[in-house]
Amino acid sequence: MSTPAAPPALQNPRAARARSRRKKADRIGDRLLFGICLAAAILAIAVIVLIGYEVVNGAGPAISKFGLGFLVHQDWQPNFKIFGAGSLLFGTVVTSTFALLLGAPIAISIGLYLSLLAPAGVRGIVSPLVEMLAAIPSVILGFWGVLVLAPFVHEHMEPWLHGAFGFIPIFGSPETTGASIFTASLILTIMVIPIIASISRDLFLAVPRDLQDGASALGATRWEVVRGVVLPSTSSGVVAASLLGLGRALGEAIAVSQVVGAGSAIQTSLFKTGDTLAARIANQFPGTGPGLYQSSLFYLGVILLVIGLISNLVAQWIGRRFSYEGAVAR
Amino acid sequence: MSAGIDSTRGQDPPARSRIRIESDTPVPQTGITGPSVNGHRITAPEVVFDSQDVSIFYGAKQALAGVTLRIRSGQITALIGPSGCGKTTFLRSLNRMNDSVPSFRIEGQILYHGHDIYGGNVDQVEVRRRIGMVFQKPNPFPKSIYDNVAWAPRNLGLKSELDDRVEKALRGAALWDEVKDRLKDSALGLSGGQQQRLCIARAIAIEPSVLLLDEPASALDPIATGAIEELMHSLKGRFTIVIVTHNMQQAARVADRTAFFSLEMSGEKPTGALIEFDDTETIFGRPRDPRTRDYVTGRFG
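Chains as they are written, first to last, in the numbering used here: chain S, 86 to 415; chain P, 3 to 303.
Hints may be right or wrong, so weigh each one.
[Unchecked claim] Facing chain P, a subset of chain S residues (Cβ under 8 Å, in silico):
#1 L117
#2 A205
#3 D295
#4 L296
#5 D298
#6 G299
#7 S301
#8 A302
#9 L303
#10 G304
#11 A305
#12 T306
#13 E309
#14 G313
#15 Q401
Hints in this document: simulated from the structure, not taken from any laboratory.
Note that CB positions come from ideal geometry on N, CA and C, so glycine has one too.
Working from the sequences, and respecting the hints, build out all of it.
Encoded structure:
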């Protein structure tokens, strides 16, 4: 034979055909995979754009009538066609911030415990439980808030906090019911904890064993290892996790609407009723028809979207700016 | 680099480590090899580690069986042997680094200056503060060069003249001249050899009395390895050094005493055991045990 190097498949026409058929199938498979994934990605973008468009569009009349003053005005009187988001914005910011300030340290401690301190048996039991906490539907948590947490807050926590810290205006005198900004904040705290805890646990688990050994071989205590090595090398991730929790708190509607009391004024005391953007929308949207009322509720949605967008961007920016590698290279 | 037996072996250890604590005891027995200290070395340096019939288990698996040896002050002791023979396990048990392994269990006693390291009231943090360790893979913290060295002293409250302490440690690790102009730079920008010397600097900054080195040069190129070996010579005397190494020439070059570990069949499973422990010259020149001879002449492992 003059071409002994030719592979057998090329000499056998049937095999060669089969091969080219398979190649063609491979090519089609590749295209198909690419196409499906691209379509899915486009779908996600389209949904975001459509939602954004609908919300802004729906808010149009309210935006043109109230302008940016909507953000600061507190009156919300549907009968007189007067709407303002001031107290709702206030309620949203206060409850979410409160939830984050109280929840993040607890959640990070849980993460540290589960990743570095807990014996294996405890870890195996508690870890899934923490994740299950995130799986509780918010309406159920709201029920619990109404039936258990609010009475408890009203009967025990409010008098105690007022007695001990009453000189601080935010701990005013107890109110008639437990429905308040304070109770809503506690519910939100419970909701953000599992998110932050499970993410930060995974972050701490990913800290190289080498580094921890290196630190403890220098006679460092457990706390010194955590403070000196574990937390610094995960700080950006922990902050991003906290902002993810904040996102959840900002957008939570049902559970908050159940315990917040639907008040319509900015009050100094945390024990007074209040309301949040999301809870107000959930509460009142079903009863409205087209018009300024509904448009104002859409406007609340626009504010909520913008806040969510900002917190997301900040989380991403922090993730990049203070990432492990970034911190090292600075 | 010379592959011969290290000439520094014959030097006397520094005076401060020559404490005669064993005048009333017979010449020390070392390991299973019988008396190895010759009659003329009456004032052997103080025993730092006295390992008595130490066996180590990970769960049901026995990693090490019946290790009895004494490590003396100011000397460099090398632990050599094939992979899996338990030498690193033994090293890590000297400063309780194995405590973090969940199924770890130890039998027998390891005495550090007469105190049981695994005794009930012994604080492992205190153990590690006195017995420093450098790992196989350089593991500097993602901090500045300065902070890497200053971190442990700060933890221990040694904050006065911290700059001096850092400089001294970096000089001690033969790294000062290379990094003195960029102390604020990240330690991760250093080369592997520099990182390993930084880890040594970090370890000696808190002035431990013992340095445990777990294959400190195995991840480094020959030049960086040479630098680490030179460094070991300069640290000798100030610190008691125990080094695990896969590299027999390295053991021959740096160590005063060498312990050969190997895998032995105990029952059905292979278990690490100490085969021979003696002066480095003897281990590499005229080992008593045929297994040692096979290993050091390259016929096995």
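Which numbered hints turn out to be false for this structure?
1 and 15
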